[in-house]
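Asker: Next come the chains, spelled out residue by residue.
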Amino acid sequence: MSTQPTLAARVMGRFSRSEVEAVADAEQAALRSDRFRLEREGDWKRLEAIVTRVEQGRLRRISDDDLLALPALYRNVASSLAIARETSLDRATITWLEGLVQRAWFIVYGPRASLGNWLRRFLGGGWGASVRALGIDILIALATMIAGTVVGWLLVTHNPDWYYSLVGAGDERVPGASRAVLEKVIHGNQGQDGMAIFAAALFSNNAQVSILAYALGFAFGVPSLLLLVHNTASLGALLWLYHGQGLLFDLVGWLFVHGTTELFAILLAGASGIHIGRAMAFPGDLPVLEAAARAGRRTAQVMAGVVIMLICAGLLEGFARQLVDATVPRLIIGSFMLVFWIGYFFAWRRNRAEVIG
Amino acid sequence: MAISLPFRQRREAGRRPLDHEERRRRTIVTPEGLRLSVTIASRGARAAALLIDLFLIGLAMMVTTLALLFIARGVGLQLDGKPEGVGGHAVQALVIVWIIAMFVFRNAWFLYFELGARGATPGKRITGIRVAARAQEDGVGRLTTEAVIARNLVRDIELFMPVVFIGGAISAGGDTEMAGWAGALWFLIFVLFPLTNRDALRCGDVIAGTWVVEAQRRKLEQALSLGEAGGGRSAATGAQYVFGEAELSVYGEYELQVLERVLRDDRPEALAEVAETICRKIGWNAGRGDERAFLEAYYTQLRARLERGMRFGRRKADKFTD
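Sequence order for the protein chains is A and B. Residue numbering for the first sequence follows our numbering, beginning at 1471 and increasing consecutively. Residue numbering for the second sequence follows our numbering, beginning at 570 and increasing consecutively.
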């Protein structure tokens, strides 16, 4: 304890008067455990001051000395607590120390990759790694979406009434509509105003749907599958409608611009939901809760990415589709986006081990 | 009531007076091997925190909307008119800002605050709770950014789905009553979910591997054995209180801590009552008016005795153990 006076002196300089007065001279205490406490109280209070400032987000007001000392102070106080538990019966001090160590522990072992840091790591490989970690669930989701589209098509082929329950009867695009009506939606919108609003609204809506597909995964993934089927069945029905008027190619172009991005995002959201559901249904050696937690953390990154993809999709849908009014260029844009996403997720790999943990 | 009761009839009153709080206590082991106890936040505190947050979010949305309307009016725009030319673009820009702001408030409010150093939204701060990583079998991990994202994405369906149900039914002209019931049922399932497990986890906590615990913020209290009182002499009367082995051996750690609480609370009636109880027990007659000094002296000497025992590995939990 030879360093104590200098430490105490350093502490004195940092605190307001009332806090300084609180540290009484250790010699005054009658009990050995109180002397133990008073000798170390300077360190404890210093840690508390640092922790409080970090909690208040005033990081800039913490000196470099303090930041460097934080881990050491934390271990110091933690060991004080361990000793106090064995030698002291001062309930108030022990409870306070427990609270302090806990607060410091949250900071020393907290999520201290800042949001910016996290984003950099996320874009620089973490996103792709988390997508690849989904593994077979992507294929399951893809198969479900294809099956959903086929089912939608087949249902409407057998009975056109299905169209109304799959797509809804909201607008003029219904079975029996003329070619001109159908074509109007696909081409000739470039003069339209309000594209940006359209894009923003689309993004907001799509993002909520994919968050839903993800979050429903905890019910063993079944709702995620149902949601995927439902969404793609209406796609199948729409394809059938345009096929009837020989406009299938144009419709595909119209959908392709943003669809490669948007459907990819929904695919990933659904796959994440299935991933969680599968982890809960077949947890392996882990307890169910822990398996769910691990799957949840792994897929949360994918979902953050899904939101980014949906922003891209919204922009493509709102601007690119309206401004590019021919099917072939639309197909080119859409294909480019598809190749880009696949390349980004599956071909471009970096520091993989660091990211998945 | 809780202060003096344990001195008389503890066995009958139940071993632990704060039983319900005890049940919410969990132990986590830090990487240093130190055992820390955390208290699971009560479900009431969490509900209150959520309501406060929802209120604040609603307020923020409303203020933003009004501010944007004000700006729109300020630059002389007609919102109901056909958007054309420069004015039209300005309106469009404002509408986009509005849509994005609503999305951000709804989805990023919890995310932003829970990623901060305090791990708590304003509502949680007010109710004194925070988000933390759940203790797993192999110790406790750190609260990761992914975990916070996951728990808040799931919040979206727990809370906002019923609204979507009902809103969807209204816009489609469907059966709103049916949708209302479905929404209510949905809401009930998720609201009641925390009641089904010991740790009060909601679905988002399950998926993210988190739990919500009480955030402790205490002040360090004064050491009790300082100065005159620690030496056993009364500053008021000058009397010297010295207790013998027989008088100190009647009480254990439990009673010591109750006595500590009485001394720290410093309420005259409680002091007098406890002093009287102790005097009766050890056969003393301390007289009135000097209870605090008497109790401080007794506390210090009892604690010295018990701590000495601790150092030798002998602990006396309460007055019933030998």
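None of these hints come from the bench; they were simulated from the model. Please read all numbers here as calculations on a predicted model, not as lab measurements. Watch out, some of these pointers could steer you wrong.
[Said to hold, decoys possible] Have a look at the derived ranges for each label pair, beta carbon to beta carbon: (1) A:Gly-1813 to B:Phe-729: 44 to 50 Å; (2) B:Leu-623 to A:Pro-1541: 48 to 54 Å; (3) A:Pro-1630 to B:Ala-636: 48 to 54 Å; (4) B:Ala-662 to A:Pro-1757: 35 to 41 Å; (5) B:Phe-639 to A:Ala-1552: 54 to 60 Å.
Glycine included, each C-beta is placed from N, C-alpha and C at the ideal position.
Asker: Output the numbers, in ascending order, of every earlier hint that fails for this structure.
Answerer: Hints 1, 2, 4 contradicted; others consistent.
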